[in-house]
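K.L.:
Listed below, chain by chain, are the residues.
There are 2 protein chains.
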Amino acid sequence: MPLIVQKYGGSSVANAERIKNVARRIAQAKDKGNQVVVVVSAMGDSTDELIKLAYQVSQHPSDRELDVLLSTGEMVSSTLLAMALHGMGYNAISLSGAQAGIQTDTAYSQARIRQVESKRVVKELEKGNIVIVAGFQGITEAMDITTLGRGGSDTTAVALAASLGAEVCQIYTDVDGVYSADPRLVPEAYQLTEIGCEEMLEMASYGAKVVHPRAVELGELFNIPILVASSFTDSPGTLIHGGVSMEVRNKVRSIAYNLDVAKVTVVGVPDRPGIAAAIFQPLAAAGISVDTIVQNASINNITDLTFTVTKDQLNRAMQVAEPIARSIGARECTSDSRLGEVSIIGTGIKSTPGYAARMFGALSEQGINIQLITTSDIRITCIINEAQVKDAVRILHRVFEPEAKK
Amino acid sequence: MPLIVQKYGGSSVANAERIKNVARRIAQAKDKGNQVVVVVSAMGDSTDELIKLAYQVSQHPSDRELDVLLSTGEMVSSTLLAMALHGMGYNAISLSGAQAGIQTDTAYSQARIRQVESKRVVKELEKGNIVIVAGFQGITEAMDITTLGRGGSDTTAVALAASLGAEVCQIYTDVDGVYSADPRLVPEAYQLTEIGCEEMLEMASYGAKVVHPRAVELGELFNIPILVASSFTDSPGTLIHGGVSMEVRNKVRSIAYNLDVAKVTVVGVPDRPGIAAAIFQPLAAAGISVDTIVQNASINNITDLTFTVTKDQLNRAMQVAEPIARSIGARECTSDSRLGEVSIIGTGIKSTPGYAARMFGALSEQGINIQLITTSDIRITCIINEAQVKDAVRILHRVFEPEAKK
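Those protein sequence lines, which keep their order, are chains A and B.
Last residue of the first sequence: 406 in the working numbering, with the numbers rising by one and none dropped.
Last residue of the second sequence: 1406 in the working numbering, with the numbers rising by one and none dropped.
None of these hints come from the bench; they were simulated from the model.
Take these hints with a grain of salt, some might be off.
Stated by the list, open to error - Distance condition first, Cα-Cα at most 30 Å in a straight line; then the derived DSBU-like pairs of lysine-lysine:
hint	chain 1	residue 1	chain 2	residue 2
1	B	1127	B	1251
2	A	119	A	32
3	B	1209	A	52
4	A	52	B	1020
5	A	119	B	1119
6	A	20	B	1052
7	B	1020	B	1209
8	B	1052	A	30
9	B	1052	B	1119
10	A	52	B	1030
Claimed, not checked - Here are a few chain B residues that sit away from chain A, every Cβ distance over 12 Å (derived from the structure):
hint	residue
11	1018
12	1019
13	1059
14	1064
15	1098
16	1120
17	1165
18	1274
19	1322
20	1356
21	1390
Unchecked claim - Pulled a few chain B residues facing chain A out of the computed Cβ check, cut under 7 Å:
hint	residue
22	1068
23	1087
24	1327
25	1329
Glycine residues also receive a C-beta, built at the ideal position from the N, C-alpha and C atoms.
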């Protein structure tokens, strides 16, 4: 009997009606002759409410206690979902992360899954049960409850799918699937039927937050196809997998953007070994996550060094960078907080000549000035003025659409 | 270092303010040089809200799933309490029932504790932690979560106290302690400093719902003194223990009452062997809990048989009893749903002549008709008209008060 893993996000189980709706979808999957394992997030904003409670009793709640507290949210939704299935005449059982064998390290609030000991899940499947697993949580060797941090429930689902050898991991959320661009910006954007794991990873990091990169990476590693679809409609969704057919490679698949970009430039840096380390080690020590780094060609042993951070980290980044700039003899530190980025994504576009030129040309035709450029094997990103990002997305979608359609 | 177990009920931790208040009381106990284990109930009416949710998704939620769902309530309050203690600079850790080693049978929703494997609790105490245990819950051998049913958190606390060899189990609730009578009925009722376990058991069953009889029985069995006190005041509370000093024995300690009494009388029963079994076995099979049973002296081999049930079970009791009465040749079945009972309680009062006579005399002087009488070693109970119960309590408190004071 084929085995599938389904994951339903918080908005899909936000209230009793929606839980019953999800139960009907699960029942359909069961009726089709599948063994079904379901991973579920906490109801709606119940996690936020638990966090609020924690901060009412303590200004700095401990990570360990916060993890136990938050883990209850998924226990609630998983039991309710099992009850709803019982009410429809289906055999179902809820399991906590601990019971489902989601074994993690001890990094509370952002634990990593070490292994999945799926004996109990298998036993319940063999009894004919639909198994509902509380997402986002696991247990340490010392039997302490952990949570997996961002993307935790997606990761639980893919990890279970890998451990159980599932045919597919279906991630149901409040969007239809993966689009060629944000449909709120680009009305003619269309849903992709399939997309490669690498392309999806670039998109997720660059603003298309449909399924968490951790889960996509895990799916790639264990060769588990991930279907992303809406729990509210019957849209077919988008299949994320490693085996995207040859003919759609070497194409622009998607236009992504990100409005949360700020830039720091250290101007007039003496170009000698050790300078980059002198700047970036203190930034890392201060917990500032640096995204893009660009160093201009050195002229007379003087260079400019630019890096980007999220907007909320700009002030701290400047506080760290300014004294360093002085100490290494740089001329000054400048910053710009009104930036954004726009990317074209597609396997192999970098190795194919012409994409970069077409992208830059399309932007310049619209009078959009490119401040920084970065590239990966499957992505070209331009950092531009924040106010021009949305126009840029629309323009690039128009320019590259013809060859992206699939 | 002396070890104490404290238990706080749901109203004591109903919101963030109250949780912080409870944390301060726990801190005081710690500051006095104790090792402290705390058992906590779910916040306020959060359990009711979870039950409501369950019935929104299913008309008949399964006991297993309901237990997992309800167990989250105590996990939430226990973590919040640990966080509040951290905020005050104390080392504390929350443990679920499973982590605290509360091992139960598999009777979901009313599981019994089989044993307490307190290794983890001991380890955390040795690290200097205040240990906060989620009450009302345990775990089966198969690692399934159970709840303990009524009085579950009280029972968790006493079981932990017994397992850890605690000096005392302190049960904090929203009442000051055990009174000589319900102070809402009898303004001159006073709080008892101490009371015997047996007396307390009689009182608990007869309406003084301060601490659950299961917990008192366990305390008696393992010789754990139980202090009942308020979490909102500094009243000294009442100590329930086996070693009540000799001088307070042989006294009426308390007047208890119960307004939830209904009566069924099978009239004109042929008095032959097997008749009682013929009536009470089907009642038990129908899940009807019979309280008092009285059979009048037989005249001409014809007798009347009366039993009492709670009011909500009267209809079902009559439905079961009537066909049986016909089949055994009884004349008829009558019922009365407007009854109550009043009791005097005190170790040894039954073996001391005169108490019964004084009780009956005091009631009759006020024109209160006694319908049924039952006694135990330490209790005399009269079943009377519901409307006269409160007067009866006041009268009996006045009559017996002088010798009850301690």
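K.L.:
If we take the beta carbon of residue 1120 of chain B, is the closest beta carbon in chain A still more than 12 Å away?
P.N.:
8 Å, violated
K.L.:
Taking only the CA atoms, is the gap from residue 119 of chain A to residue 1119 of chain B under or equal to 30 Å?
P.N.:
Roughly 26 Å separates the two Cα atoms, so the pair holds.
K.L.:
Once the closest CB in chain A is found, is it more than 12 Å from residue 1059 of chain B?
P.N.:
The claim is violated: residue 1059 of chain B sits with its nearest Cβ about 6 Å from chain A, within 12 Å.
K.L.:
Would you assess whether residue 1018 of chain B, listed as outside the interface, keeps its beta-carbon beyond 12 Å of every beta-carbon in chain A?
P.N.:
10 Å, violated
K.L.:
Taking the minimum C-beta separation from residue 1165 of chain B to chain A, is that value above 12 Å?
P.N.:
24 Å, holds
K.L.:
Quick one, is the residue 1087 of chain B hint okay against chain A at 7 Å, beta carbons?
P.N.:
Because about 4 Å separates residue 1087 of chain B from the closest Cβ in chain A, which is inside the 7 Å limit, the hint holds.
K.L.:
Hey, residue 20 of chain A versus residue 1052 of chain B, does the alpha-carbon distance stay inside 30 Å?
P.N.:
15 Å, holds
K.L.:
Would the stated hint for residue 1329 of chain B survive a check requiring a Cβ distance to chain A of less than 7 Å?
P.N.:
Check failed: Cβ of residue 1329 of chain B comes no nearer than 46 Å to chain A, outside 7 Å.
K.L.:
Looking at residue 1019 of chain B again, its CB stays over 12 Å from all of chain A?
P.N.:
Non-interface label on residue 1019 of chain B violated, nearest chain A Cβ at 5 Å vs cutoff 12 Å.
K.L.:
When you check the alpha-carbon spacing of residue 1052 of chain B and residue 1119 of chain B, does it fall within 30 Å?
P.N.:
36 Å, violated
K.L.:
Between the alpha carbons of residue 119 of chain A and residue 32 of chain A, is the straight-line distance 30 Å or under?
P.N.:
Distance ~24 Å between residue 119 of chain A and residue 32 of chain A Cα, so the pair holds.
K.L.:
Between residue 1209 of chain B and residue 52 of chain A, is the straight-line Cα distance small enough, at 30 Å or below?
P.N.:
Outside the cut-off at roughly 34 Å; violated.
Checked against the numbered hints given earlier, this structure breaks hints 1, 3, 9, 11, 12, 13, 14, 15, 16, 24, 25; the rest are met.
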